[in-house]
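Novice: The lines below spell out each chain.
There are 2 protein chains.
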Amino acid sequence: MAAPGENLRINGARLWESIHEIAKIGPGVAGGSNRQTLTDEDAEGRALFQSWCEAAGLEMGVDAMGTMFATRAGTDPEALPVFIGSHLDTQPTGGRYDGVLGVLGGLEVVRTLNDLGIKTKHPIIVANWTNEEGTRFAPAMVASGVFAGAIDQDWAYGRTDAKGLRFGDELERIGWKGPEAVGARKIHAYFELHIEQGPILEAEGKDIGVVTHGQGTYWTQLTLTGVAAHTGSTPMPMRKNAGLGMARILQLVDEIAWSHAPDAVGAAGHIDVFPNSRNVIPGKVVFTVDFRSPDLAVLQDMEKRLYEGAQKIADEMGLGLELENVNRFDPVTFDAGCVKAIRDAAERLGYSHRDIISGAGHDACWINRVAPTAMVMCPCVGGLSHNEAEEISQEWAAAGADVLFHAVIETAGIVE
Amino acid sequence: MAAPGENLRINGARLWESIHEIAKIGPGVAGGSNRQTLTDEDAEGRALFQSWCEAAGLEMGVDAMGTMFATRAGTDPEALPVFIGSHLDTQPTGGRYDGVLGVLGGLEVVRTLNDLGIKTKHPIIVANWTNEEGTRFAPAMVASGVFAGAIDQDWAYGRTDAKGLRFGDELERIGWKGPEAVGARKIHAYFELHIEQGPILEAEGKDIGVVTHGQGTYWTQLTLTGVAAHTGSTPMPMRKNAGLGMARILQLVDEIAWSHAPDAVGAAGHIDVFPNSRNVIPGKVVFTVDFRSPDLAVLQDMEKRLYEGAQKIADEMGLGLELENVNRFDPVTFDAGCVKAIRDAAERLGYSHRDIISGAGHDACWINRVAPTAMVMCPCVGGLSHNEAEEISQEWAAAGADVLFHAVIETAGIVE
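Chains as they are written, first to last, in my numbering: chain Y, 17 to 432; chain U, 17 to 432.
So that you can see chain Y by itself, here it is in the shape it has in the complex (with noise of 0.2 Å):
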């Protein structure tokens, strides 16, 4: 056959199961997984995930930046790999399907060729990218980015967590770094399945997301400096209060992504006041303003505003600022030839559908420099992402699956 039928199906019993087992592995507090980068518990992750690998006859690979490529052979020497990729590395209170999902949707694909013993032209590959979410260390979607050869792998090795361990040390603590050069693997084409991480195709009613871009994102770590002084005994005009300054600045940040409504966003999820003492005015807030947009203009913009406003507010307040860029990507358009096979594959399915942005970051838009690449979205209970009470159906992981595994042996080619 030409094309794969329709009756081609993935086992959705099977890769929900392989979700909630590797979900036991760093368990969070109120049901999701705290499974963070180069930790014991990532560790403990790999490993599950690497038996099940050589359970399904896969050859492991391991790269300098601790990233996993599971192969299944394909039947043509000459032909490129199809990627499958996303991270088993989870936020602090992350859920159990932000990137899980797509490694073991992945996983699952692989599994039913086997059980269906088809071959395809092409290999297949299975990829586990190393910190992804860039909590731990950031920035995010460090190994991809080290990989589509748009980070330098030493300054990522540099990088340091809020203990002052580093990045390089950790990965070999872990045991998880290989011998591979990083970027070395070329691609015929790269596919990731992921929760959709907002609200629109629930809203909907969708089962479907064919990424068609993903949103840029700006991210400055603002350092603003004042002096820690008794919140008693000095009086208000001789305050110098990083902390009241943090607030303004907040409030200009809400201010900028309204003013570029629907699309745009911004917010800081990470604070940090110091001394923080109930009795002692903030001397000292570092803060994380994150900027997003699909269109490139508006990001600059943002940026730019931020840059002048939060100036202006350091000036008036007596406060020293500093302004560092600690993740500056720009918005991504996929491959035509990818999102083409997704939307097909979904149409051929009989799953609703529609285009959609990716609002968050993801291992495939850096890999998009490198290799023709595309999403499957899935929706997510009320948009919730990052957060422990993230949840999906089985109904709608298996669809996720689906979609994933026609447009890769699309792309793969079934030999007949």
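Hints are computed from structural coordinates only; laboratory data are not their basis.
Heads up, the beta-carbon is just placed ideally off N, CA and C, and yes, glycines get one too.
It cannot be assumed that every hint is accurate.
Said to hold, decoys possible - In silico DSS-like links for lysine-lysine, alpha-carbon gap of 25 Å or less:
1) U:K300 x Y:K179
2) Y:K179 x Y:K202
3) U:K179 x Y:K300
4) Y:K356 x Y:K135
5) U:K356 x U:K328
6) U:K179 x Y:K179
7) U:K356 x U:K135
8) Y:K300 x U:K300
9) Y:K256 x Y:K300
10) Y:K300 x Y:K328
11) Y:K202 x Y:K135
12) Y:K256 x Y:K328
Stated by the list, open to error - Here are some chain Y residues the structure puts well away from chain U; computed CB gaps all over 10 Å:
13) R201
14) D270
15) D306
With the hints as your guide, set chain U onto chain Y.
Specialist: Below, chain U without anything else, positioned relative to chain Y:
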């Protein structure tokens, strides 16, 4: 003689040396001290103070809240003791003088009496109150509060620090839970020497502040609850951003404080954001608002406007709000006789002085409820305190201790 002679002075060099000796215990990172209550460093500081008291021939008693009472006997077995007290615990980023000057100033009074062979009718007691700062265990001034009958001892024991450790357990662990019932000691008069922790005395070139009143302090802990969600994929209208709610309430706090200029002040020194990750909209923020005023009606108005305004902001933003009083300390008027003894001593010694309102809370504010009480203040550089850069001069410390010495011996009665 009926009144002490003008020629009697404390030993300013010895006082200065002791202050800098104890500062070596729990050294800060920037020249100050980090000797938080009921830590190992607190225990080490207590032991050093005890050894100095023993060397000065004082008898040490310890109560069940860990407060240390070092007694120099008087000649009249019926006469109640004159107390000199303050605290040896510090902020996490504390200076060398906040509290320490008052305790070691008291020790210096006793050392000087010993040098000069002066006996007093009333005993003199130097007290080190446990947990004045309240930064590890809220509220501040807890041991003097229990002593004055304003705070319940078992409730104080049950207070927990950020790690969940209980005050009572930590007091036992460091070995300073004493046998004395708290508040059992009767007091003839209580004096406390303290740095101003504000900029007024230095700005006006005054040697001495004669403290007539203490500002009242109301602390409200606010817990704002939104929904933790992905910063990228959650459209602006669907967010429940607890961090933005906190920012708006901080601006309200500032407006409320300015509306009662010049005496009232307000700020939040403590702000914890959850989960505090760069790409998660804050689902929860816990922060504490500190309002102060010497006028009870003003304090009550500020608290009322905070409660109403914060609720309005939370309602508008769809956030949950919990409000908890973690400290409510009404304004204090010190004893006219003790205040006069301090003012007369400054006058007699030729030190420039002015009456002043204490902006900070002090143990003296609680003890004022159960005994005639007043305070002496000396300037500090730039008004800085609760900051490792806190600084005073040896001359300022000596002048403050001289005035303390004269007020104490006039009150305790020199035996000729």
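Novice: Hints first: check each against the structure and report whether it holds.
Specialist: Going through the hints against the structure:
1. This hinted pair checks out: U:K300 and Y:K179 have alpha carbons roughly 23 Å apart, not beyond 25 Å.
2. Proposed proximity of Y:K179 and Y:K202 is contradicted: the alpha carbons are some 36 Å apart, above 25 Å.
3. At roughly 23 Å between alpha-carbon atoms, U:K179 and Y:K300 fall within 25 Å of each other, so this suggested pair holds.
4. With a C-alpha separation of about 23 Å, the suggested pair Y:K356 and Y:K135 falls inside the 25 Å cut-off, and the hint holds.
5. Pair hint U:K356 plus U:K328 does not hold up; C-alpha atoms about 47 Å apart against a cutoff of 25 Å.
6. For a cut-off of 25 Å, the pair hint linking U:K179 to Y:K179 stands: about 17 Å separates their Cα positions.
7. Simply put, U:K356 and U:K135 have alpha-carbon atoms about 23 Å apart, close enough for the 25 Å limit, and the pair holds.
8. As the CA atoms of Y:K300 and U:K300 are separated by approximately 21 Å, the hinted pair is consistent with the 25 Å bound.
9. Of the pairs offered as hints, the one joining Y:K256 and Y:K300 holds, with about 10 Å between alpha carbons and a cut-off of 25 Å not exceeded.
10. For a cut-off of 25 Å, the pair hint linking Y:K300 to Y:K328 stands: about 17 Å separates their Cα positions.
11. Of the supplied pair hints, the one linking Y:K202 and Y:K135 holds, its CA atoms being roughly 20 Å apart against a limit of 25 Å.
12. The straight-line distance between the Cα atoms of Y:K256 and Y:K328 is roughly 15 Å, inside the 25 Å bound, and the hint therefore holds.
13. No Cβ of chain U comes within 10 Å of the Cβ of Y:R201; the nearest lies about 27 Å off, and the non-interface call holds.
14. Listed as a non-interface residue, Y:D270 fails to keep its Cβ farther than 10 Å from every Cβ of chain U; the least gap is roughly 6 Å.
15. Not every CB of chain U lies more than 10 Å from the CB of Y:D306, the least distance being 4 Å, so the non-interface label is violated.
In this structure, the earlier hints numbered 2, 5, 14 and 15 are contradicted, and the remaining ones agree with it.
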